[in-house]
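Peer 1: Here the protein sequences line up with chains R and C, keeping their order. With this note's numbering, the residue at position 183 of the first sequence is 330, and numbering never jumps. With this note's numbering, the residue at position 172 of the second sequence is 319, and numbering never jumps.
Please keep in mind that the hints were generated in silico from the structure rather than gathered at the bench. Be careful, since some hints might not be right.
Said to hold, decoys possible - No more than 25 angstroms apart at the CA atoms, straight line, and that leaves these computed lysine to any residue pairs for SDA-like: (1) Lys291/R <-> Gly295/C; (2) Lys291/R <-> Gly349/R; (3) Lys291/C <-> Ala297/R.
So the chains spell out like this:
Number of protein chains: 2
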Amino acid sequence: MVGQTIALRLSQFGHTVVVGTRDPQASLARTAPDAMGRPGFGDWSAEHDAIGVATFADAAQGADLVVNALSGDAAVSGVGAAGVADGTVVLDISNPLDFSRGMPPSLFVSNTDSLGEQIQRTFPTLRVVKTLNTMNAFVMADPKLVAGGAFTTFVSGDDADAKQVVIELLESIGHSDVIDLGDISTARGTKSLMPVWLRLYGSLGTPMFTFKVVR
Amino acid sequence: MVGQTIALRLSQFGHTVVVGTRDPQASLARTAPDAMGRPGFGDWSAEHDAIGVATFADAAQGADLVVNALSGDAAVSGVGAAGVADGTVVLDISNPLDFSRGMPPSLFVSNTDSLGEQIQRTFPTLRVVKTLNTMNAFVMADPKLVAGGAFTTFVSGDDADAKQVVIELLESIGHSDVIDLGDISTARGTKSLMPVWLRLYGSLGTPMFTFKVVR
Chain R
148 MVGQTIALRL
158 SQFGHTVVVG
168 TRDPQASLAR
178 TAPDAMGRPG
188 FGDWSAEHDA
198 IGVATFADAA
208 QGADLVVNAL
218 SGDAAVSGVG
228 AAGVADGTVV
238 LDISNPLDFS
248 RGMPPSLFVS
258 NTDSLGEQIQ
268 RTFPTLRVVK
278 TLNTMNAFVM
288 ADPKLVAGGA
298 FTTFVSGDDA
308 DAKQVVIELL
318 ESIGHSDVID
328 LGDISTARGT
338 KSLMPVWLRL
348 YGSLGTPMFT
358 FKVVR
Chain C
148 MVGQTIALRL
158 SQFGHTVVVG
168 TRDPQASLAR
178 TAPDAMGRPG
188 FGDWSAEHDA
198 IGVATFADAA
208 QGADLVVNAL
218 SGDAAVSGVG
228 AAGVADGTVV
238 LDISNPLDFS
248 RGMPPSLFVS
258 NTDSLGEQIQ
268 RTFPTLRVVK
278 TLNTMNAFVM
288 ADPKLVAGGA
298 FTTFVSGDDA
308 DAKQVVIELL
318 ESIGHSDVID
328 LGDISTARGT
338 KSLMPVWLRL
348 YGSLGTPMFT
358 FKVVR
């Protein structure tokens with residue numbers, strides 16, 4: 148859902164977007180609506196034919212920027228399967244959610260490590276920038292949906308130029324208050340917003356909220 | 148520092164406040180300013196003589212409400228030493244910061260447990276309400292100091308009446324947007340704001356900020 152939502156938004160802003168999946172044929176064969184009533188991937192793809200669908204590797208091939216919107220447990224292997232070229236900026240949204248211990252999910256990486264760091268360590272030639280993982284997919288894609296966009300978006304990454312690329316992309320789609328937290332280890336901070344996000348989701352009864360750093 | 152700041156604020160609002168310490172004599176003997184230039188406890192106490200100083204147990208004796216502002220590693224033993232009476236509302240601010248692995252500190256309880264839950268489990272007859280641990284002590288005590296108080300304060304606790312007592316106390320000192328996250332296990336959420344708070348402190352260079360849930 149995150150990948151589709153971001154893909155559509157970036158496509159609407161004029162970017163050439165290709166969605167990578169493990170098995171494009173199988174993905175496109177999915178036409179039944181999901182549990183939330185959203186159209187199956189095949190129907191969604193037919194409706195948005197400007198957005199390509201390819202294998203992870205074909206999608207990443209020649210890309211200026213790779214968005215990692217995989218589920219947390221597939222993130223490292225998925226980035227590996229994509230064979231992303233050295234130096235590519237990887238905008239990493241994935242959260243290490245562990246659904247095995249009941250709801251709300253806990254985290255399978257936390258406190259003294261983070262998934263963003265794991266990806267950066269595993270693929271040291273990539274330029275990983277962690278961002279957007281502190282809000283719902285619809286809010287990521289269209290910040291105006293919550294309080295007209297008056298909230299904070301965080302970036303973490305080791306490469307200043309890569310962060311600048313990501314910040315400009317975020318600003319272009321409406322993120323008006325982007326804070327650069329520092330190197331990729333600061334992803335431990337934003338990842339840890341997830342536990343409070345999940346409780347707020349339960350308490351507020353809607354995912355249409357996010358955090359503003361008031362200062 | 149948290150305890151003194153909260154004590155002073157509540158005292159200024161007309162509450163009878165007694166600060167509990169392990170060894171009041173030793174605490175009052177501290178007059179040298181600390182590393183931040185704040186007056187030693189003895190001088191502070193002399194300056195604010197409406198605020199009592201006693202042992203943990205004497206301070207808790209007969210209290211309508213007990214504030215736990217101990218450091219995380221002393222929180223459970225400290226509440227135990229206070230011998231707090233059954234049914235008392237414990238407003239718990241403590242954070243489980245672990246300074247042993249470098250700065251910023253990590254957490255010694257995280258993800259699938261929280262310090263608030265540990266205190267509630269250890270003292271099941273108390274009514275623990277976790278709150279305020281997502282902001283600097285000065286902001287806790289006087290919300291107007293950040294953006295005129297336009298930010299969110301969270302409460303977590305098993306007892307609805309106890310949460311109501313705490314919410315009213317918070318509102319009386321200027322917390323205008325208090326969200327009840329749910330039972331004490333939701334303290335896992337607010338405790339996990341600490342890692343991002345610590346990185347923001349590094350990134351913004353000031354502790355005078357906090358979070359607003361924008362919705």
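Peer 1: Hint by hint, note whether the structure agrees.
Peer 2: Here is how each hint holds up against the structure:
no.	hint	in the structure
1	Lys291/R <-> Gly295/C	24 angstroms, holds
2	Lys291/R <-> Gly349/R	22 angstroms, holds
3	Lys291/C <-> Ala297/R	19 angstroms, holds
Violation of the numbered hints given earlier is absent; every hint is satisfied by the structure.
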